[in-house]
Structures are given as structure tokens and as C-alpha cells.
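**Student:** Listed below, chain by chain, are the residues.
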Amino acid sequence: MFKRRLQALEYEEYDKVDANDLQHVKKLVSWLENQKIRHYKIDDRGAILDIESQQWPATYEKYLEDVGCPQFETPLDKVEWLVGLAIRLEYEDNLQSEDFKKGVSELAKLLNIPQHPNHLITLEACSKFICKRLNEEAVKNPGSVIVTGQPFPIMDTNAGFKIKDPFLNKAVTILSLLYIQDLRDLQTKINEAIVSVQTITANPKTDHKLGKVGK
Amino acid sequence: MVVRTFEEEMGYLEKTSEYSWRIKKGFQPNMKVEGVFYVNKNLERLLIEELRNSARPGSVGGFLPGVKQIANVAALPGIVGKSVGLPDIHSGYGFAIGNMAAFDVSDPKAVVSPGGVGFDINCGVRLLRTNLFEKDVQPVKDQLAQSMFDHIPVGVGSRGIIPMTARDLEEALEMGMDWSLREGYVWAEDKEHCEEYGRMLDADPSKVSMKAKKRGLPQLGTLGAGNHYAEIQVVDEIFNKSAASKMGIEAKGQVCIMIHSGSRGFGHQVATDALLAMEKAMKKHNIEVNDRQLACAPINQSEGQDYLKSMAAAANFAWVNRSSMTFLSRQAFAKQFNMSPDDLDMHVIYDVSHNVAKVEQHMVDGRPKTLLVHRKGSTRAFPPHHPSIPVDYQLTGQPVLIGGTMGTCSYVLTGTEVGMNETFGSTCHGAGRSLSRAKSRRNLDYQGVLDKMKEMGIAIRIASPKLVMEEAPESYKNVDDVVNTCDAVGISKKCIKLRPIAVIKG
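Line by line, the protein sequences give chains A and B.
Residue numbers for the first sequence follow our numbering, so the first one is 1 and each next one is one higher.
Residue numbers for the second sequence follow our numbering, so the first one is 1001 and each next one is one higher.
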């Protein structure tokens, strides 16, 4: 559920939290507010930190409203949302930190992905790569995603127009090849759509009795 | 009309390079643009000879010589650029076969002429590949030819074996290959690898006469007669390895199936009906032309539009026809080899039309223009990266299928930028006749032609005996000359050469 997110937040008992146990919730929520969310000023946090109080459930509801949590039915949904908020607050701060940039750069190096000056774009590329190539199915059956075939001298292709600057020309060639790949994907989807319609409409017939050759 | 001697006529023709000739204004009256034609030495001799014969005093009858016809087309209202003669040019009804001409759609005077499309509307060539090789097919060549012959009805008056009702026909005329897809006769990928995706969207079956529909209905899914054929071919030579590989052709000896057919009696009737309507339209709109056979009507008037809509219906008919024969060929192969067509990798490489008029965008004097491009006996040949060609051929250029004649080789060419600039993206379509049908019958011997086929190792099934002589290689120009000229001029480039091992003909 949120084990990994709690771990990322460095919550000590990250793997033991049970959202249906009020004691666990009390402990977690007070910790989140005190350490991560910090929605109230320190002086105003008394009530939410007082986990022994009989009033705590009411305080909790008020707190949820104050931080803008939508109306959820189950205690689990509420806690999940709070953890999500904490993650967002924690990492929004950190997204621009040198540490984070270094991390992205290392991840990209590990995955062999060229780096964009904007590390967030590099991160996006890494995420795309992981989702596409390192998902469960792909890891089980690498043949399904690894492209096989003849190497193709892409730089010898003609982009359709010539630009004097050799670097620009290279870029244009790559762009035009990517465009063709997009088109291919589109055409494949069109074909799949046609085939699925054919399963309903198709009924080819031949009747050799009708045939007549020549006069 | 002025009568000039042959020498005087030649004064209007100028050889501008090794392979091209210019036809100057004045060669025929009222020429709005110049003419051009592309020939090598052999083809040049044939064309000039034809002109010399017609310039002889007292010669009458028959069609005008090809060069004269190019010039007459150059005199039609609204023509832009040049009237272009391709290397396989020979005289035909009004327009020579192998003539392309483009008309400016925005010019209210510009015309469409059924003679510029021809009677066999959307006559064209389709090429299927297989993963078989010559050694797999040679031992069963005769059985395979017989099986194809049994599946695909051929000859004048033949009837198709795919049941069709009048309602089916109406739908097929409107939908073209989409009809074949819907009914399950062809594969989704077939549509992708077909000029216009196998369907002209402005087709309107209500513009087609009852007579045409009656002629067309029983003929759907038949090959027809004349120069039409289905051939089993093997790859003889690969000129461009990477382009061939994009088409799924990997090595010499690979087996392909070529289907050359059109819109049968249906297209013929559509053209005949249109010619009658256009003769009236010419009087109404005061159009004067050099040759009665060049009957035409303004593109933007009802007569022109009606023709284009019925022509599109005929084009759709032809695509359904070739699709039906694709289905039947796949069945024939599947039965023979006891494998599914899928496992035999029987994909359509491409399907081209070489008798059609289409609205296209071209650059004229450095500006984009919308043109109605007539191609009669001429194949579209668009360059790499053109939006109208399939994604698989974006880097190679459009495959151009050139059907040879009985017993001679066929070619796959690819479209080029040069062709786009010089000939509105057009190239040749085949060998082109050199002898008339009557002359072939007089000069050639039935058994002699058949023996020669046998000698070359070609299995042959033919429905009507006289076609043996009429369609013999000797009756045609040398397809190698034609293709090599196109390659040398650069309006298309050679990619694959195919050699027949079995022929099925009307």
C-alpha cells in the first residue's frame, strides 16, 4: 500500500503500519504533521500531537479538512492521501536539490540514457524506459521488447531535404525517422482496429459453380 | 490542317539530351505548353518511324502517331507544365498510352478528358510476395498454374466465383477495397499497401449508368482478356538491396505473384458513357480541341464532376477486382502448399494504378498548386517522404510496378524527387505495344510462340488462342529499354527485376 512511500519518508515503522488500527493511525498522523507536513504552526499542533486525548478522532477530522483532504469513506484512503501529501511536500523541496540531480544522473547512467540539461526531463525518460522495458512482463520475457533485426545505417538515409549545417542535418534525419516510427505505430493501430471489426463483419464466400472461363 | 513533310515536322522536334526530346509549340495548332518525351535509341526509332509513316502522302486511318497525340494534349485548355510522353508511349484513343498531363483545378477552363484515363479505368498491377523460393515452386509449377487458372476466371465473358448481388456491387463501387476488407476477402495490411488505400472517396455509384452496372456485376473477380494476366514470378535481380528488403524481398529466387487487371466491362462502359456526355458538353462550353477523340469537359462543371465521380466508382471496382483475385490466389497457393496464406507470408507489396486521373498537389513554377493529373499508361511514382505513400516506403519512395509481357521480365521501380519535378511524379507502366493486334496475328505463329515459352521454362494457361500471338513478346516494345530509359532519366529507379515462371491469361 504505502510501505515504500513511508520508507522513502524514513518513517521508522514503515512496514508495520495498519491503517485500520487507530493507535497506528494516531502515531503516524502525528509524526507526519510534526516532521513532514507542518501545516499548523508549532504552537497550534498540540491537539493533533496529543494522541492520548479522547478528542483525537474529532481533531483528526478537523485536521483532514484543514489540509484539504477530500471526503473519503475508509480510514485507509485518508491515511494514504496524507502520506501522498507528505511525499509531495518532501520531494517538491528536494526536486531541485543537488542530491536529487546527482541521483537522476546516476540512474540515467545506469540505464544508459543520454542526459538532458533539465534533469526532470531525464527523469521522465528514465521512467518511460523503466515502464516499457523493465516492467514485470518484459523482464520475464525480454524477447518481447528487445528489437531484433538488421542494423540499419540511419545516418545514410535522406531526410527529404538538405540543410547545410551537418549537425542540424543529423538532428533533422533523426526527427524524420522518429516521425516515421510514430506513423508506423499509428498504422499498426489502424490495422488492429480493422482486424477487430473484421471479426464481426467478415464472411468471405466462393462458389465455384458460378465460375465461367472464357466465352 | 496544314500538311507538312516529314522533314518539316522534324523541325519542331528537338533532342535535348541523350534520352529526352522537346516538342515545340506549333507542332500542332494551339499548343498551350510544350511537349516532352523520354526515349532511348531503340524506342526513339520506333516513334520517329511512326511519325514518318503518317507524314507520307495518302496515309489515312488508325490513330495519330504518338508524338502528334502528345502535342494535341498540350493544346487542351488548362494544361500546366508539359505534356509528357513516357518511354513506353504508343498511340491510343485521343491520348497516347504512356502520356501524362496535369490540369490546373483552379482554372475554370481546365478540363478532364476520359481519353486521358483510358477505357480500362484503374487498370493496374498488384504484386504479392511469398516466402517460397524457386526450388519450392518449380516441381509443382504446372499444378500451381492450373490451380490459379481454376480459381481466377479469365477471358472475355468470364464470370467470377465470388457471389455478388446488385446491392453488393453498389456498396463495392462506393467503398472500393474497404468493401473487400469488410467482407473479409483481404487483410488489413493490403489496404495500407495500395495506392489511395484502395478507395477513391469521391466515388458516386448513382452517376454510373445501369448498363455499366449490368456489365460489371458478373465480372467482378475476373481477370479479363487482352494484356491482363496473373503471373507467378521469381526475383531475378535486386538492384537496391535496402529498398527491396523494405518490400520483404530478401534474395534472388524468391517467388512473387503479379496480378495485372482493371475494371473490365464496367470501366469500359463508364468511359463510353462519359465520352457521349462530353461531346455534348464541348458544344455547350465552347471547347475546341485538335482531335475529336479528345472529348473533354471543364473540371468544375457538372459534366466533368459527373465523370470524375463515375470514374472513381470504376477505380473502386478495379480495386475490389484485384482484391478478389488476391483472395483467390492466396487460396490457390494455400491449397497447393497446404499452408495458410499467412504462413506463406503472402503480403501485398504494393498495388498501382496506371489508368486514372487524380487530384494531387504539385509545385508549378515554385508554387504549390492543386492539379488534376491524368495518367494513361503511366504510373504514379512519388518520391521518399511523400505523404501519400505508405509509411513502410517513406524512405525508399513509392514502389512502382511495371508489368512485362507474356514471357518477359517485370520490374519494381521506386519513385524519385527527379520524377516529382520533371513528370509530376509519373513514370512508365509497361512495355507498350509496338505491333498492332492484327499485325501480330498476321506475323506470328501460334505454335512458334508456345514453343518459345516452353523453352524458357514458362508454364502457360491461356483461354483464347489468338491472344498467344497478340500478346507475344515480339508484339511489344522491349520492357528493358523502357525501364532503363526511366532509370537513366531518373524519373524512377530500378529496384527489383522479376522473371515469370507461370502465366495465366485471358
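Heads up, a few of these hints could be off.
[Unchecked claim] Here are some, though not all, of the chain B residues that point toward chain A, as calculated from beta-carbon distances under 7 Å:
| id | residue |
| --- | --- |
| 1 | G1011 |
| 2 | Y1012 |
| 3 | P1139 |
| 4 | S1158 |
| 5 | I1161 |
| 6 | I1162 |
| 7 | A1166 |
| 8 | R1167 |
| 9 | R1182 |
| 10 | E1183 |
| 11 | E1192 |
| 12 | H1385 |
| 13 | V1391 |
| 14 | Q1394 |
| 15 | L1395 |
What the hints contain is simulated information worked out from the structure, not anything from laboratory work.
All C-beta atoms in this analysis are idealised placements derived from N, C-alpha and C, irrespective of residue type, glycine included.
**Student:** Each hint should be assessed against the structure and marked as holding or not.
**Tutor:** These are the hints, each one checked on the structure:
1. Taking 7 Å as the C-beta cut-off, the interface hint given for B:G1011 is violated, the closest approach to chain A being about 41 Å.
2. Because the smallest distance between the Cβ of B:Y1012 and any Cβ of chain A comes to about 38 Å, over 7 Å, the interface hint for this residue is violated.
3. Because the closest C-beta pair between B:P1139 and chain A is about 25 Å apart, greater than 7 Å, the hint is violated.
4. About 5 Å separates the beta-carbon of B:S1158 from the nearest beta-carbon of chain A, less than 7 Å, and the hint is met.
5. Because the closest C-beta pair between B:I1161 and chain A is about 4 Å apart, less than 7 Å, the hint holds.
6. For B:I1162, the shortest C-beta to C-beta distance to chain A is roughly 6 Å, which falls under 7 Å, so the interface hint holds.
7. The beta carbon of B:A1166 is not positioned within 7 Å of any beta carbon in chain A (closest approach about 15 Å), and the interface hint is therefore violated.
8. Annotation: interface hint on B:R1167 violated; nearest CB of chain A at approximately 15 Å, more than 7 Å.
9. Because the closest C-beta pair between B:R1182 and chain A is about 5 Å apart, less than 7 Å, the hint holds.
10. Hint status for B:E1183 relative to chain A: holds, with the closest Cβ pair at about 6 Å, below 7 Å.
11. For B:E1192, the interface hint holds, since its Cβ comes within 7 Å of a Cβ in chain A; the closest pair sits about 6 Å apart.
12. Taken as an interface hint, B:H1385 checks out: its beta carbon lies about 3 Å from the nearest beta carbon of chain A, inside 7 Å.
13. About 4 Å separates the beta-carbon of B:V1391 from the nearest beta-carbon of chain A, less than 7 Å, and the hint is met.
14. Look at B:Q1394: its Cβ gets to within about 5 Å of chain A, closer than 7 Å, so that hint holds up.
15. A cut of 7 Å between beta carbons decides the hint on B:L1395: the least distance to chain A is about 5 Å, and the hint holds.
In summary, the numbered hints that this structure violates are 1, 2, 3, 7, 8.
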